[in-house]
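Protein chains in written order, with numbering that gives the first Met the number 0: chain A, 0 to 96; chain D, 0 to 96; chain S, 0 to 96; chain R, 0 to 96.
Careful: at least some of the hints might be erroneous.
Since the list can't tell identical chains apart, any single copy or any two copies may satisfy a pair.
Claimed, not checked - Below are the DSS-like pairs computed for lysine-lysine, each with C-alpha atoms no more than 25 Å apart in a straight line:
hint, residue 1, residue 2
1, Lys61, Lys73
2, Lys80, Lys11
3, Lys73, Lys11
4, Lys61, Lys11
5, Lys11, Lys76
Keep in mind the hints are simulated off the structure, nothing from the lab.
Residue strings, one per chain:
Number of protein chains: 4
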Amino acid sequence: MRQFVAERDWDKFHTPGNLAKSISIEAGELLECFQWGESADRERVTEELADVLTYCYLLANKLGVEAEQIVLDKLEKTRSKYPVDRSRGRSTKYDQL
Amino acid sequence: MRQFVAERDWDKFHTPGNLAKSISIEAGELLECFQWGESADRERVTEELADVLTYCYLLANKLGVEAEQIVLDKLEKTRSKYPVDRSRGRSTKYDQL
Amino acid sequence: MRQFVAERDWDKFHTPGNLAKSISIEAGELLECFQWGESADRERVTEELADVLTYCYLLANKLGVEAEQIVLDKLEKTRSKYPVDRSRGRSTKYDQL
Amino acid sequence: MRQFVAERDWDKFHTPGNLAKSISIEAGELLECFQWGESADRERVTEELADVLTYCYLLANKLGVEAEQIVLDKLEKTRSKYPVDRSRGRSTKYDQL
Chain A
0 MRQFVAERDW DKFHTPGNLA KSISIEAGEL LECFQWGESA DRERVTEELA DVLTYCYLLA
60 NKLGVEAEQI VLDKLEKTRS KYPVDRSRGR STKYDQL
Chain D
0 MRQFVAERDW DKFHTPGNLA KSISIEAGEL LECFQWGESA DRERVTEELA DVLTYCYLLA
60 NKLGVEAEQI VLDKLEKTRS KYPVDRSRGR STKYDQL
Chain S
0 MRQFVAERDW DKFHTPGNLA KSISIEAGEL LECFQWGESA DRERVTEELA DVLTYCYLLA
60 NKLGVEAEQI VLDKLEKTRS KYPVDRSRGR STKYDQL
Chain R
0 MRQFVAERDW DKFHTPGNLA KSISIEAGEL LECFQWGESA DRERVTEELA DVLTYCYLLA
60 NKLGVEAEQI VLDKLEKTRS KYPVDRSRGR STKYDQL
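Work the whole structure out from these sequences, hints included.
Below you can see the structure in the form of structure tokens.
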């Protein structure tokens, strides 16, 4: 991906703020697949998800962090915030992730 | 992550549509770090990015696809759409990713 | 609203791009009310909707257009795009609004 | 607008949650105009803003509230939260709107 961006000289557009905007824009396109309900074209969903992930990886790269590592770190934090016995089957507190 | 979700019996909330909503919501929180400009707290950005990625991985899991694989597949498609010689240093076409 | 912004000298933050970001951020907070389903606190929904509208009005003001007028103009366009006889009860084409 | 929706029998799709999703989706399209910077096509921005506003008005109608009234109500609340003397020229606290 880094090579792809470098070849096209696109890095200059990829400020953290622009990448955050791009993640939101692509997240909106992904959400559009589900605008009126759960039935969505699986292939289109996969492509839109790939677009969100692409910009996430570009931002992670820009921040100098590893995508999988920061997800695991956050999971540890969330684990202590929502202990099994108090969160089982309830979405109420989870909203505040 | 799958274990974390299973322990809390949260899988029942994780329809593809709800996960797509969650990605959009978290993308908005990430964008909030850059609401008035590029200066943003690096630690907060990392945490918000982790939240977006978490829901992306949950949706990929639900779709039965690998996050890194679908990003590479999409990259191949984009590569043929934006050949180096016609895209160098220009953001105009890139907008349509 | 203009007076409120002027008193606080906040107009300098309100570039069209920053207002567009703000609309997305607030739209995400509104969506959060419905993250796991349709049951949402009516008062919170109303407040989040007010936040989205506030930034919409600030952007309309910045563009020199009237919110209600541009909605009516767009409605006329959409009316010819989705004639009654071909759109009745179907959401498929509507997705492309 | 109500007549337009009724003629097409689209009201059944317009649950509050679906309208909130639609607001987020359209906000993403508006943001796309500013993906790589402030230069954006004025006409396209106006149309995308109209789409966001359309769904905002449909949700206000669904909630039984007036768009302009809830914006004024919220403005009163925000006014007491950000007194002129402590907010002048600073964006820091404003982020938490």
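(request) Go through the copies and call it for Lys11 and Lys76: within, between, both or neither, with a Cα cutoff of 25 Å. (result) between (34 Å within a copy, 22 Å between copies)
(message) Please sort Lys61 with Lys11 into within, between, both or neither, judging by C-alpha distance up to 25 Å.
(response) within (12 Å within a copy, 28 Å between copies)
(request) At 25 Å max between alpha carbons, let me know whether Lys61 reaches Lys73 within a copy, between copies, both or neither. (result) both (19 Å within a copy, 20 Å between copies)
(request) Can you give me the call for Lys73 and Lys11, within, between, both or neither, at a CA distance of at most 25 Å? (result) Classified as between: cross-chain Cα gap 22 Å, same-chain 29 Å, threshold 25 Å.
(message) At most 25 Å between CA atoms: does that hold for Lys80 and Lys11 within a copy, between copies, both, or neither?
(response) between (39 Å within a copy, 20 Å between copies)
Hint compliance for this structure: every hint is met.
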